[in-house]
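There are 2 protein chains.
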Amino acid sequence: MNTENLVQPQSGSTDPLDRFYAVIPAGGVGTRLWPLSRAAAPKFLHDLTGSGSTLIRATYDRLEPLSGTKVLLVTGDAHREAVCRQLPEVADENLVLETEPKDSGAAIGLAAAILYTRNPDTIMGSFAADQVISPDEKFQAAVHEAIYTAASGKIVTIGIKPTHASTGFGYIRTGSPLVVAGAPSAHTVEEFVEKPSEEIAEQYLASGDYNWNAGMFVAPVGLMLHHLQANEPALYDGIMEIARAWDTPDRIAVKNRVWPTLPKIAIDYAVAEPAADAGDVAVIPADFSWDDVGDFAAIARLSSAKEDKNVKVIGEGGRVFTDDSSGIVVTDTTRVIALIGIQDVVVVDTPDALLVTTRAHSQLVKNAVAGLKAQGRTDVL
Amino acid sequence: MNTENLVQPQSGSTDPLDRFYAVIPAGGVGTRLWPLSRAAAPKFLHDLTGSGSTLIRATYDRLEPLSGTKVLLVTGDAHREAVCRQLPEVADENLVLETEPKDSGAAIGLAAAILYTRNPDTIMGSFAADQVISPDEKFQAAVHEAIYTAASGKIVTIGIKPTHASTGFGYIRTGSPLVVAGAPSAHTVEEFVEKPSEEIAEQYLASGDYNWNAGMFVAPVGLMLHHLQANEPALYDGIMEIARAWDTPDRIAVKNRVWPTLPKIAIDYAVAEPAADAGDVAVIPADFSWDDVGDFAAIARLSSAKEDKNVKVIGEGGRVFTDDSSGIVVTDTTRVIALIGIQDVVVVDTPDALLVTTRAHSQLVKNAVAGLKAQGRTDVL
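So the protein sequences, as listed, match chains A and D. So in the UniProt record's numbering, the last one in the first sequence is 381, and the numbering has no gaps at all. So in the UniProt record's numbering, the last one in the second sequence is 381, and the numbering has no gaps at all.
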């Protein structure tokens, strides 16, 4: 391994905040949110909670007080137009368009490499485009601490204080406090652990030592690349080749040639876990509310839409008639929808596809997507 | 009361079958079948059972072996075009178009009056356009007997052998056998009774003396008019005025002037019940299967559509994906519909309105119609 070429910035050479650059990876179709979310209109392009903003716009706005317009976006080539409409502030050179999905290692790694090539002093923060967070102030305070902790030479993750024994998230085991100026909450990370069983999740919750891993990373770009180079040299070589061509006329040609050759690996395996083993990872425990809006039950829970009796309506509420019913209606058509005597129902009404399920079966919606794929109905996926 | 002007035909002057004329009243929106059935496209214009025929076409075809083209149709002015498309055989002079709904007394009474004016010897048979009957042969055999019984000077109803203690139908209490050539099943009628309570319905079923009143009447037109004149003289005067002008150039003008003035009354009260009290009504008990397709539970029961696992699909079955679900999907759109983990559901999918309910709540669909009416959404009713 040869890491000498990576410039490690001098700590304290600049205010850490001035070194911050936000990265927003916007990927993931959200198959459990079909038919609302689909290949052509993924989850992050929707206003799933009735807030008035799409998830990606809300993500940008939440970061803006910290990053200003220093935001780099990584998304699928197909979403270019929709993303530019949502985020007109993002300049062309800060928009990385994937010609095919390559998992988070390549997406976040390339972002790190581009930012490193421009300025090796940069501290990047990566925040997925499809999460619901509130209040923004608590999030910003946590990221603020994470930036200061990153400036001390750490890859910093934000650990969400668990509100229940979820078996759907990975966990971070928190270690001892770190002494970092500007980051009173910083702790070492003992380990990252995979999605647990219900029994184990209960133990995690009871112990108080575990936080949810929301997949947020704040880190000096050089340190990210150091671990990437050590663990995934082929991926490292590929993203560095693209990065060196990025701010030149060869950007598109090199990206289109190299991107398809990159290995597929999650950033957790490529960087976070090996870095934790090396003692290079810190965590800022935070207690803002956080949700990855994984299914329609989550939408029902998170939505600020007012309820028509016991039915939550996302869309044009005035068109829904309910009688002795409960559940959620998500609609992007102009149809009248009547629910009569049906409980805990989930109705998702789109122009070319309709889903009817229950809250309890929300997780199984991905089966419908798999089934329709098997039937060759990719036109509605 | 003056009934002398009504010519009573001489029994046996012609073969009763040659005197037969079918009348099909096609009315009733079927609000419990919303949003499939609605003001602009009522129940009788749909193929609710997947038979390949609309209910009105099936009604015509079922009568045709007895009546030939001697069929008179009474329907709403708004349905003229749709009805003519379904029944191109029906001549203009046999199509009575109601400018506003006036209940069955006016509709069937006017049919009787028109047929009487043309030929006082006529035996009419009135059969609603929105019922599902099988097998046709048993129905035809019962009507055949009813025609012979009518020729003996009776108003003849067809009593359906009850298969369960329905509280949704009226009943006919059967009396003693009648001796009528060509009608071995003919009986007197003791009385018509209204929809009973469940307890009473159980008693009716157990006694064997009661049959369902399917609202079918076969009768000499003169006898129908005799009772109408005796019980509803204003209605009688009105329909006779229209009838006298019917086969003249004044048909439309007189109908449009007089029809709105006719009293609203059901034929049961205007004719059948008083005629029964006078001993003028007979019944042919019959055991063909009969259903008025009152709600979506009935459609699920009657439909010949094949089931996709436990879901019956009326419409294009190939577009419905089901996983661990049961119930019925009625669709007249081209949308993909996915049901996931939902039981006994009723989904009715139309271009501008969607209904989601359960089989058990099928009867309450009329509440949605009432609710939408209250909200001013008559565009989808």
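To be clear, the hints were calculated from the coordinates, so they are not data collected in a lab. Watch out, some of these pointers could steer you wrong.
If chains are identical, the list can't say which one is meant, so a pair holds when it fits in one copy or spans any two.
Said to hold, decoys possible - DSSO-like cross-link-like pairs, simulated, lysine-lysine; straight-line CA separation at most 27 angstroms:
no., residue 1, residue 2
1, Lys366, Lys138
2, Lys138, Lys264
3, Lys373, Lys309
4, Lys70, Lys366
5, Lys195, Lys264
6, Lys264, Lys309
7, Lys161, Lys264
8, Lys306, Lys264
9, Lys306, Lys373
10, Lys255, Lys195
11, Lys306, Lys255
12, Lys195, Lys138
13, Lys161, Lys255
14, Lys306, Lys138
15, Lys195, Lys366
This structure is a prediction, so every number in the text was calculated from the model and none was measured.
Going down the list of hints, with the structure as the test:
1. Lys366 to Lys138: neither (33 angstroms within a copy, 50 angstroms between copies)
2. Lys138 to Lys264: Answer is neither; intra-copy 33 angstroms and inter-copy 70 angstroms both fail.
3. Lys373 to Lys309: Answer is between; shortest inter-copy Cα gap is 19 angstroms, intra-copy 36 angstroms.
4. Lys70 to Lys366: neither (36 angstroms within a copy, 57 angstroms between copies)
5. Lys195 to Lys264: within (21 angstroms within a copy, 70 angstroms between copies)
6. Lys264 to Lys309: Neither way: Lys264 and Lys309 sit 47 angstroms apart in one copy and 38 angstroms across, limit 27 angstroms.
7. Lys161 to Lys264: Close neither inside one copy (30 angstroms) nor across copies (70 angstroms); limit 27 angstroms.
8. Lys306 to Lys264: Result: close neither inside a copy nor across copies, 42 angstroms intra and 45 angstroms inter.
9. Lys306 to Lys373: between (35 angstroms within a copy, 23 angstroms between copies)
10. Lys255 to Lys195: neither (34 angstroms within a copy, 77 angstroms between copies)
11. Lys306 to Lys255: neither (46 angstroms within a copy, 52 angstroms between copies)
12. Lys195 to Lys138: Within one copy, since 25 angstroms is at most 27 angstroms while 65 angstroms is not.
13. Lys161 to Lys255: Neither, since 39 angstroms and 78 angstroms both go past 27 angstroms.
14. Lys306 to Lys138: within (25 angstroms within a copy, 56 angstroms between copies)
15. Lys195 to Lys366: within (19 angstroms within a copy, 48 angstroms between copies)
Checked against the numbered hints above, the structure violates hints 1, 2, 4, 6, 7, 8, 10, 11 and 13; every other hint is satisfied.
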